[in-house]
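Visitor: Protein chains in written order, with my numbering: chain A, 2 to 309; chain B, 10 to 448; chain C, 3 to 291.
For the record, the hints were derived by calculation from the structure and aren't laboratory data. From the three backbone atoms N, C-alpha and C, an ideal C-beta is built for every residue, glycine too. Honestly, I wouldn't trust all of these hints.
What the hints assert, rightly or not - Computed footprint of chain A on chain C; a stretch qualifies when at least three of its residues, placed anywhere within it, have a C-beta under 8 Å from a C-beta of chain A:
| id | segment |
| --- | --- |
| 1 | 23-31 |
| 2 | 36-47 |
| 3 | 67-77 |
| 4 | 179-190 |
| 5 | 238-247 |
| 6 | 256-269 |
| 7 | 273-280 |
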Amino acid sequence: MSEANEKSFKFFQLKNNLINFSFVLPAVIIFSVFYIYPFFEIFRLSFYSWNGISPIERFVGWQNFIELAHDDVWWKSMGNAAYITLIALTFQNALAFALALACDREIRMKRFYRVVFFIPPVLSEIVVGLIWQWILYSGFQDGQHIGLLNYYLDRIGLHHLVHNWLSNPDTALTCIAVVHSWKGFGWGFIMLLAGLQTIDRQLYEAAKVDGAGSWRTFWNVTIPMMVPVILVVIVLTVLGSMQVFVLILSMVGQGLVYHTEVPVTRILSAMTGTNRFGYACAMGVTFGMVLIMISLSFKLLSNKVKQV
Amino acid sequence: MGSPLVFKQIGGEMKKFFGVVCCCVLFFGCAKKQDDPNTITLWHWMTDRHEALEQLALNYERLTGVKVKVDLYAPSDAYSQKIIAAAQSRILPDIYGILDKKEIFASFIESGYVTDLTEEFQKDNAAWENALFAKAVDVNRFAEGNIYHIKPGIYGVPVDVTNIQMLYNKKLLERAGIKSPPKTFNEFLTAIDALKRVGISGLVSGWGELWLADCFASNYAFNIMGEQKVMDTYQGKVPYTDPDWIKVFDVFRILSERGAFAEGIVTKPNKFAEQDFALGRAAFGFNGSWSVNVYHDMNPDLRYGVMLPPPINPNRPMSIWGGGGSSFVVNNISKKKQKAIDFLRWLTATEQQAFLSTETRNLPSNREALTSIPSVLAEYAQGMDYTTHPTIWTYNEHSLVIEKFDKGLQSIIIGEKTPQQVAREVQEIKEREMKKAHP
Amino acid sequence: MNKKQADSIPINQYQVTGFFKGFLIHTFLLIVTLTCLFPLFWMVRSSLMTNQTVFVDKSLFPPDIHFYNYIQAWTEGNFGMYFLNSVIYTSCVVFGIVLVSSLAAYAFSRLQFPGKNFFFYMFVAAMMIPLPGSFVPLYKLMNDLGLINTRIGYILCMINVGLSLSILLLKTFFDKMPPDLEDAARMDGCGRLGIWWNVALPLARPAIAVIVIFNSLNVWNEYILATLLLNDKNLMPLQRGLMVFQGSHSVDYPLLMAGLTIAALPIILIYLLMQKHIIKGLSSGAIVG
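Isolated chain A (complex conformation) (with noise of 0.2 Å):
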């Protein structure tokens, strides 16, 4: 090969990618202006002591970061969000899974049930946080119950079930996780419901040939060509209900002591109820870091299974 063609060829290849690239140019202009600007904005803060108004920044090195570390109350509201998020992964997920599973099969009424199970996910959660609050109020007026559950509890007979629901803290954590998993689970539902619909049907006339009853080949079919689907649907479980708060915020304002705190609560509350803008970044840092943790264990669990 000559030089000059030698030339012309990275020439040819420069430009090729060049024009490549800019069929990525407008996501990343986009994404650089609108994400990673406010991200490493956050970064640097996250070494600064702040009320979020002063002129003054002061640099205070790792201080933020050690002292979070200490923070009773920020590892406890990594707790409450886990628990969510252990509510959400096992009873939305088999509920969704269930659900799904039903629908695969022929039966009546299936685009009906399609339909319906997918109205939750669509409301707001201003209007979920409103409603069910309504449902779980706990107080009286003419000597009936105001919240829907605590009435009809009481009108099937289970008086001793009525029960003070948002302001308990054995169950405060535990009704905001269900009603999430409420409005959660009709995605799931879809993802797991259009894995099933790709699974050939073959493979199960197949398996009935061979003699497996039902549950065999749930196990030996169903569940091994499901996989793939089924770490999705739990990445994006786990991110969602880590990141849940708005539902928090509109169903217990402030929170019951700190037993419904997460960790989005807790930046928003550093950094608009104590001022503490260095430290709420350095919270949100913090959260970040280990939500890649969680989705990289994930991932490398996913190829894992794929190779075996």
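Since the structure of chain A is provided, determine the placement of chains B and C on it from the hints.
Guide: Just chains B and C now, with coordinates in the frame of chain A:
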């Protein structure tokens, strides 16, 4: 170099695409805002007063030709965030309100976002200052030698006056056979017992908003130990484990154990608490004078009275929070500063104040406008003599200690912790913060 | 006779268990349906009552129905204007996201350029890191760009919010696309953009349906950024109008519920129109990564 090739490849469809995008940009991007010298902008958070303010702005435009653009941001958390963000970008409106603590107010002043209005207030023998309630003006005043090192003066204009007191539902008290509202804490407890016997809830308040519970505790702290000792505590001279503070925490324990609180009080947003009281679900409420408007809208037939929280210590008068309700400040870097000041002066004049107070049932900040207010509001007004407020104290507690304190109140109410435990925990945080400030 | 009966028993048994199973499945599905619809039903039901009866009357179908709440909510809440704004924002953002993310996803999936993986994982990582404190730097930035209080500013911000997930979904979809069609198009003299437009986009229609519904939900229900970035009342989207409405009518529950219903209805309708495509989109492998 690559671009001609790109466009060659684009083909017909892409041109259409780009066309659409360009049109979009032109259509939406060209709405360039202009800075009209005859328009001043006001940002506020008061959903209940928005209509009245807009009406007044219209009147003002008719009168002077100056247009006032009234922008409402709700909920108030979002408003606070917006103010902070706008301050950082130095594009605050001509008139706005600061909802935060005195410390943050001071930061705004320090950063040069707030005009010093002292001269304006003291012009013509302090005509403006004298027209308003002194306590309302004090909320916006930085006194000589204040701990924030702000130049002494008045920095904001109060548009109304509030105070926070206890309310009682006359019908429900009658039903429980209680003749007159309780005057002391023990009488209050007896009343609670009587109410419970006929199945009526006792006290409701929006303590899901922590500051309201904090206010209740502060009332009793002033009653039990007096202002001086509270200030000494804030300075770190008296610990929270002091017997007097235990007594303050104990108020919550006693009320909780007696079953005085309405169900779910610790997570109740104030608007729900207002609803509860208006619909007669509880006999007592603890709420500010702004609620008169809410109760009127919800249940015009509600018969209720206003009382001071029943004191524990008979030797000291009860203290309640109050003073300037909502205040506006003028942006110091605005080019239309004088126009903004003129508007606020007009807004606090007798006629406008009377309009605001009849329309929105709030106490006016102008004394002369007090003539034609509803009787319940007049009862509220009587409490003004007992008011105090964190913004006029010489010292304020650190916000982290306040958070721990308020959360501690919650845990006492739900029976999770004893007053002694909470006192210890609060003191721990207090000592930690003191050490941080003076290592 | 006896023998015949004995013969038919296994069949009958099979039918009975089948029926029983179907019954169980339907009961289960119907219970979940009920819990999904009940809160919605309760919202609509309460919006038709008056403030005097709403907390006391627990009957499912209240005797007197007051449609007046809707008229009042619509006029007092100024919903007409907010509604139009929300439609503008939602359609522009969704259009922008589909355009930008499909271009990027196509490149990540099919084209070669240095730093490809770096950029791709940057988008993926962004999905995981929430930036709750970003409102101050974001506001500053928008102000410097002159985009505060403009429609285009809010639209660009919201495009950014939905970008990561959309790129991820579309890329997994394009990865699975058979290459033969592209080769055929190349034979016909299509360039890269031509293939993207003529081959990839039409094939990706189901995946795009998923992106459309996902982002429509996001934009329609958003109010925090809108409050931050927009000042003028005539730029406000519906949810922000709803927040103001909620603030000033918190005491009138039926009216509030009517407002909530008005705000929720359009997005439910969009979903009902799109739902056929969503299942199709998801099952054609858009999410199976």
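Visitor: The structure should be examined with respect to each hint, and the outcome stated for every one.
Guide: Taking the hints in turn, this is what the structure says about them:
1. Closer than 8 Å: that is the beta-carbon criterion, and the segment 23-31 of chain C has 5 residues meeting it against chain A, so the requirement of 3 holds.
2. Against chain A, the segment 36-47 of chain C contributes 7 residues with a C-beta closer than 8 Å to a partner C-beta. That satisfies the three-residue criterion, and the hint holds.
3. Three residues within the 8 Å Cβ limit are the bar, and the segment 67-77 of chain C against chain A gives 0, so the coverage statement is violated.
4. Residues of the segment 179-190 of chain C with a Cβ under 8 Å from some Cβ of chain A number 0, which does not satisfy the need for three, so the listed coverage is violated.
5. Counting residues of the segment 238-247 of chain C whose beta-carbon sits less than 8 Å from any beta-carbon of chain A gives 3, enough to reach three: the coverage restraint holds.
6. Given as covered by chain A, the segment 256-269 of chain C passes the check, having 5 residues with a CB less than 8 Å from a CB of that chain where 3 are the minimum.
7. Check result for the segment 273-280 of chain C against chain A: holds, 4 residues qualifying (beta carbon to beta carbon below 8 Å, three or more required).
The structure fails hints 3, 4 (numbered hints given earlier, in ascending order).
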